[in-house]
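Novice: Here the protein sequences line up with chains A and B, keeping their order. According to our numbering, the first sequence holds residues 246 to 503 in order. According to our numbering, the second sequence holds residues -1 to 482 in order.
Mixed in with the good hints there might be a few duds.
Said to hold, decoys possible - Calculated Cβ distances over 12 Å to all of chain A for the following chain B residues:
#, residue
1, L52
2, F141
3, I409
As the list claims (entries may be wrong) - Computed spacing ranges between beta-carbons, pair by pair:
#, chain 1, residue 1, chain 2, residue 2, range
4, B, S441, A, G304, 43 to 49 Å
5, A, R392, B, S428, 18 to 24 Å
6, B, T172, A, P323, 56 to 62 Å
These are calculated hints, taken from the structure and not from any lab test. Small disclaimer: the values here were computed from a predicted structure and weren't measured. All C-beta atoms in this analysis are idealised placements derived from N, C-alpha and C, irrespective of residue type, glycine included.
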Amino acid sequence: MTAAAPMLEISNLHARLADGREILRGIDLSVNSGEVHAIMGPNGSGKSTLAAVLAGRDGYEMSEGTVTYLGRDLFAMPAEERAREGLFLAFQYPVEIPGVNNMYFLRAAINAQRRHRGEPELDAGQFLRAVRAKLKLLDIGEDLLQRAVNVGFSGGEKKRNEIFQMAMLEPRLAILDETDSGLDIDALKVVARGVNQQRAPDRAIVMITHYQRLLGYVEPDRVHVLQGGRIVECGDKDLAVELERRGYGLLGDATAAE
Amino acid sequence: MTTSTDTLQTVRSLSQEGYKYGFVTDIEADEAPPGLDEDTVRFISAKKEEPEWLLEWRLAAFRAWRKMTQPNWAKLNLAPIDYQAATYYSAPKKSSGPKSLDEVDPELLRTYEKLGIPLREREALAGVAVDAVFDSISVATTFKEELGKLGIIFCSMGEAVREHPDLVRRYLGTVVPRNDNFFAALNSAVFSDGSFAYVPPGVRCPMELSTYFRINAAKSGQFERTLLIADAGSYVSYLEGCTAPQRDENQLHAAVVELIAHTDAQIKYSTVQNWYPGDAEGRGGIYNFVTKRGACRGARAKISWTQVETGSAITWKYPSCLLEGDHSVGEFYSVAITNNRQQADTGTKMIHIGKDTRSTIVAKGISAGRGQNTYRGLVRVQPRAQGARNHTQCDSLLIGDRCGAHTVPYIEVRNPSARVEHEATTSKISEDQLFYCRQRGLSPEDAVSLIVNGFCKEVLKELPMEFAVEAQKLLAVSLEGSVG
């Protein structure tokens, strides 16, 4: 990738649900390698839809606009290929998969991505060493490892598990969909630590959040306000603080999509 | 010519010629003519050089069968079967079938490849007429000697009838009577061959029986008869079937399996069934009507059935336990998959007769395509079965919206001290689960395989290790094309 081109370039993106409701109404956004962006906005503004559309969830129609990721047309790639090309989504509601060991799942994912890159698969020993190192770095206990994927996890455990997966998968572009919601202060710190440790010149992070809280621990390079399916305001970290003070309702004339 | 009854019987039993008894077909033929009457039964028995008592036993079964009608209570949609159009005996043919793998359906070969079946085995499984001597045969002989030192008998049913007639006569039909049901009676009349095992008192069988018979087992015919006896305090684990899809020109299969566990004995019986399920429209698939039953004859005996059913167009099968001895234990772990047009009506019967008997049922049904999957189970607690306990867990997983899952539990309790629990769930592989897996880089096929294996975990862990690994791959292959 050339240094000049953005890692992710979204222009005039429109997306609607199968029932015809338009959720995204012309998004423009550029994210460069090495940057951390925060996308904020009230409920129903289209934040999670943006994350879902970028990650390739079914059920949306992209009626207009383009998205270029690492120089390629993002929508030409199926969801698994986007993942293998380094696009990671930390889920707002991580999904339970009964009977599937958390470690087994993660190793399957890592090896699918390594195969895609033409790298040898990790054997059990190599994998376990990598797991231990990351756990230590993130200060996450080993208790989550032997349980079934997200089954019986508390809300905080689920979010920590997402951050752990992100650390293991080492994505190029990480999208965190309300990873901070519903977390107590300790879990929030774990998540923040994970994100801060993942900051790297060859990686971009997009945090989608309702509140400014996480931004107190992770300082974003850019802050965007999403409202009614459009980005209505952009700024630096100070914008987040200002939003917290005055609320979304006072922003311009844009109305919430809901 | 003597007129003594004794001699006559000897002649009869030794004679390979049936014409004295009204038999008209050429005895040298390799195949019985289509149709089923007493002469067919005599032909089969004569071909197998069976003793008189067994012929009489078969004839009694046949007469019982003739008065019976095919059961129709199962949730199976099937065309009438013309039992007079089928052929009930054919000697193994060397000339028929494809001459080489080049003539075999490429789809079948791709499946073998995915399952990792060794090349030489693929030929045999696809029915290629090869005369190669498989390594497994010499290995089998070595094992047999090893088992012989422990007094364990393990051989074909035909050999058992010749070499161990007393044992066969003592146990055959004691768990599944020859007139038990329509298909069992049919099997009793015309059974082709099968396996026989006897483990003497106190002996722990040191290996999984039949793992190394993979190829040979594939040829045991359409009316298989299996009899396993674990004498007091013994243990045996038996594996039946094969993960590779088996072609068979006979559409109708009706097997009978009888297990007998004496005091303190344990039998673990594992099956992977992958008969040809037919094409995507269900044409040409095997009809599999099986009667499997085990009797815990003595105190503290234990019988455990584990089955992975992925093949056949029609599966009708209820491996059951008669818990006669006090404190005896019955277990049933099952995974049944139906894809495309497959139909399965399967489950178990746990009959609590002795005191403090326990049973566990874990049944996992997976339906995809237009498959129909029914769990049908009976838990019966007899009046004398003080303190009997049962736990049943029945889970169904649906893939897509054109398949069906049905649960039909029957519970009959005639003792107030019994404790019977039944849990059932039905779920779908959700879009969320698939998306979550794909977002981590897994292909849709791998995602389904992962989710399904997780769903079946409780059952798969009951399988012997190497069988379990094969079964996991098989689940994935069986569900191919069910998503996306």
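Novice: Work down the list of hints and note, for each, if the structure agrees.
Specialist: Here's how the hints hold up against the structure:
With a least CB separation of 47 Å from chain A, L52(B) remains clear of the 12 Å interface cut-off, as annotated. At the 12 Å boundary, the C-beta of F141(B) stays outside the reach of chain A, the nearest C-beta of that chain being 32 Å off. With 12 Å as the threshold on Cβ separation, the claim that I409(B) sits away from chain A holds: the shortest Cβ distance comes to roughly 26 Å. For the pair S441(B) and G304(A), the supplied restraint of 43 to 49 Å is violated, since their beta-carbon distance comes to about 19 Å.
Separation of R392(A) from S428(B) is about 19 Å and conforms to the stated range, judged on CB atoms against 18 to 24 Å. The hint said 56 to 62 Å for the Cβ distance between T172(B) and P323(A), and at roughly 58 Å that hint holds.
Hint 4 alone, counting from the list given before, is not met by this structure.
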